[in-house]
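J.: Position chain B relative to chain A; hints supplied.
Now for the letters of each chain:
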Amino acid sequence: MEMIVASTIAVLTAGGVYLLLRLRTFPVILGLALLSYAVNVFLFASGRLAIDQSPILSRYGEATYTDPLPQALVLTAIVISFGMTAVLVMIGLGAFLEAETDQIDIEQQDDEKGPQA
Amino acid sequence: MTDGGHLLFYIALLPFVGALLPGLMIRAGRNACAIFTAVPTILALILLMTLAPAVLRGEVIQAEVDWLPQLGLSASFFLDGLGFLFAGMILGVGLLITLYARFYLSGEDPMGQFYTYLLMFQGAMLGIVISDNILLLLVFWELTSLSSFLLIGYWKHLPEGRQGARMALAVTGSGGLAMIGGMLILGNIVGSYNLTDILQAGDAIRASEWYLPALILILLGAFTKSAQFPFHFWLPHAMAAPTPVSAYLHSATMVKAGVFLMARMWPVLAGTDAWFYIVTTTGLVTMVLGALIALFKDDLKALLAFSTVSHLGLLTMLLGFGTTAAAVAAIFHIINHLTFKAALFMTAGIVDHETHTRDIKRLGGLRHLMPITFAIGTLAALSMAGIPLLNGFLSKEMMLEEASHTDWLGSHYAVPVAATIGALLSVAYSFRFVVHVFFGPKRDDYPAAPHDPPFGMWAAPALLVVLVVVIGVAPFLAEGLVTAAANAVTGADLHPHLKLWHGVTPALWMSIIAVVGGAVLLSLHGPLARVWNVAPRPEAKAIFDRLVAALASLARGITETSHNGAISRYLAILTVTSVVLGWIAYSGSGLSAPTRGLLPVPPVIAVVWVMLIVATASVVIMHHHRFRALVLIGIIGLSISAGFAYLSAPDLALTQISVETVTIMLLLLALHFMPKITPRESPIGLKLRDGFIALTAGSGVGALAYAFLMRDIETISDYHIENSYEGGGGTNVVNVILVDFRGYDTYGEIIVLGIAGLVIYALMHALLDGPAARRLRNMDYSQDRSRDRHPLMMVVVTRVLMPIVVVVGIYIFLRGHNEPGGGFVAGLVIAIALLMQYMASGFAWTQERKKIEYHTMIGLGVVIAGLTGAGAWLAGQPFLTSAYTYVHLPPIEEFELATAMLFDLGVFLTVLGAVMLMLYSLSRIARFAGATVNVEPMDYDPGEQVTDAKTET
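As you go down the protein sequences, you meet chains A and B in turn.
Going by our numbering, the first residue of the first sequence is number 1, and it counts up by one from there.
Going by our numbering, the first residue of the second sequence is number 1, and it counts up by one from there.
No wet-lab data here; the hints were simulated from the structure.
Any given hint could turn out to be false.
[Claimed, not checked] To give an idea of the interface, some chain B residues facing chain A are shown, with a C-beta separation under 7 Å as derived from the structure: (1) 572; (2) 709; (3) 749.
[What the hints assert, rightly or not] The calculated DMTMM-like cross-link candidates involving lysine to aspartate or glutamate, where the alpha carbons are at most 25 Å apart (straight line), are: (4) B:676 to A:105; (5) B:687 to A:105; (6) B:676 to A:98; (7) B:687 to A:98.
These numbers were taken from a predicted model, which means no experiment stands behind them.
Even glycine gets a Cβ: it sits at the ideal position worked out from N, Cα and C.
Just chain A, same shape as in the assembly (with noise of 0.2 Å):
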């Protein structure tokens, strides 16, 4: 199971990395969106792996369970980069709107590109 995990982590980061660093908005916040999955996995196995322990206390007895705060940090981080994302889609469609195309690299933007009135 660890395996699983660690090469889940390990694909989500490969990936989101990549589309990180193309040349054009929306690869880019796909890339971020696969980099969140990445860190959140990562989060929440740094309380180690456990399987039918959720984190509910029982009412018959005593039982083990997993470890509750990487999941109340990774409930929040999800949400949170949720947030996250949307403002880069708002960000990144705006400037997409500005300046009729999508690249992010400015350096090949020509001025005789700018906006035009």
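T.: Structure of chain B alone, referenced to chain A:
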């Protein structure tokens, strides 16, 4: 805190508080402005004088208030003889300068600004000399650099002023940085940052292996500030400042800060060979070199500037000798130099002010035209030359006396000879100041008709010259002050006697040689100056400028190659750096043996895993088809929620799945306005590079994750699990952590989420008000439009689902405290239900039925959560302490009511509001782009068509 200690706080604060006044008072006129500058200075001086008797008795006055004790930083002050001497000089001369500047500055100069800067500087300087804590001292030290920058560049229209200010700041500022390092080392050796402790620990410091680095760093700070060779070049360029500034900063106070520091640190740093050779040699070289350059300067202020450099060298050399007698001489000379040099600067300022030139070549014969100025200037210059019956003679004799029995590298003659040469040059330029300015024939080509200035302008230098003569004739008057200061410097109990006549000593002969030689040298000045002017010599300013330019172009080069505007390059650098740092961290320590075994993998999970890997690979390969990539992202998200569910994290699974839905909707909406295809434009080389970076980063992170997954850790979670029910009143530990244990975090997070929602809303408005709006209107989306935008099935099903989803949401919310669920998930679920209405029935239809604004919802949520937290205060508990009770209403089973639930309600409202505001903003853009709005739930009314069909038959 000793008696009178609290007065030190007032003394330290008065100038800073006073600095607020001149800028305001200038509206009441220049006199009022000057008076209100003088008042804080006078008050501080009076307070200081009330402490005088105690200090002169040898007491040390202390005051301390903890500021940041964790850093060892406290606002502590102390006043001993040395501090008292300097504080008196700073305040006394400050007062004279205030008076002088009132008459010196012209009507066009912004006087309020000037006095404000002056008081700021005064406060910073005072802070240096009475700080007990060396970190505090460093703060004040940097403040003097900053305020002197403002004062030197006061005439902003003059390029020399601006350049001089920059140079002074660059040199003294970098010296200050070095000194910070040195001081921190000292503090580390001693274990305290208090000067009073450090001064007791001289032996430990000198024995430490860190002594030499600390010494060099601290001396760098002192040498740059006190313009010692080879950092002397900034001082003459700082002369572009108005003359009152030159007189105050560059003769009396700031440049002496370095000397002060060496004197302050004398008991702990002096007495070693390193100290002797570094400090003495630097001082000696500076003294001779400064005097030599001064002799050939034609600008009055430049001459005085280099003479100041020379005298600072003299002081440094005396401190470098490391003997108590030399320290006494240094203290005495500090007082004497202050009196004659400030008077000379003011004289130069008067000459400049009245004749409109400071060029010695254009002056001469002023003694009849400006008799008062002549008298003041001559007495002061003779004192600088070291002529008997003036105070300069006394301390110069003491210096020569000390020099005459100092060996340098085994040579008995090096120091005495060099000191005599320095004295000789000093006599020559002092005489030159008098002879070439005041004597000689009267000229008729002065740029302005010279005459003596008003009383207010010559009063200050006259008072100083009176001191020059009084101390010169009756040196025992200064004995008390010198004794107190010298005892503070040396830490010994000295009783020096300052006398006019020491008998026929070697020093007397050296003095005589200097005076005679100096007079001879001056008579040869004409031919010598011609030789000097053609001789090649390094120009410090040019070297400095080139150095600065080289540094700037280096910085620009680095910036431009790393930050070329291509964000993919930054991200690549960031990623590579993280990977490299991770590798360094790993290779530094290695790994311990694994302590955990592998968990089994059931087939279902293996299938999910394969699906996830394939989906991720497909996203990477197919990301050019944006729509397809989005679908694949959805698959990845779902697989991850399945993983969470399997790995005992039901809350995470719930959150992930609902966030996933919302995210995909959001991206779909945005994609509507963007190109659907990403062009293939990356060259293969770039792809390979990025692929390599990505694979390295991925395998690195994966390996790290695997490494820690195989090992156990200490966790603090047992506390949470144990106290969740007892303390938080809930059995869902994750939810209790969110709303109780770490409620503050959650509170911050919902605020962030709310802000993100508002940011998107604001961005949307900015977009719709800008040029993008026109573009949006002209875009043609008719191609993408479905002909049946609101399918009957979907409308009906979503409306039926709405109440059910709301009930589910409420259920999830209510059970959150004990079972998986809670405010976050409930908010997302309800948001999805609402979104479905938007999608199925159209924007306008849903909008019309919306009763509460989303902004209000965000605000309400944050306020409810905040008030819930604050409610704990009423019970006398800290913020966000929760309380709970069990309620039993007959028809229902016993249930629990907790304040945490109210907090969760805040979370719920904020999440719902933020998510809806985000998607609402995107929909607004869609409407703007020409999406038609249906008022009816569907594009057509099916019922109507049925009746139509009936009428047809």
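J.: Just to be careful: measuring from the Cβ of residue 572 of chain B to every Cβ in chain A, is the smallest value less than 7 Å?
T.: 6 Å, holds
J.: For the hint on residue 749 of chain B, does the least C-beta distance to chain A fall short of 7 Å?
T.: 5 Å, holds
J.: Against the 25 Å threshold, does the CA-CA distance of residue 676 of chain B and residue 105 of chain A hold or violate the hint?
T.: Cα-Cα ~19 Å, so holds.
J.: Less than 7 Å between beta-carbons is the criterion; does residue 709 of chain B satisfy it with respect to chain A?
T.: With Cβ-Cβ at 4 Å, under 7 Å, it holds.
J.: Next pair to validate is residue 676 of chain B with residue 98 of chain A; report whether the Cα-Cα distance is within 25 Å.
T.: 18 Å, holds
J.: Are the Cα atoms of residue 687 of chain B and residue 105 of chain A separated by 25 Å or less?
T.: Satisfied, since the Cα-Cα distance of roughly 16 Å is no more than 25 Å.
J.: When you check the alpha-carbon spacing of residue 687 of chain B and residue 98 of chain A, does it fall within 25 Å?
T.: 28 Å, violated
In summary, the one numbered hint that this structure violates is 7.
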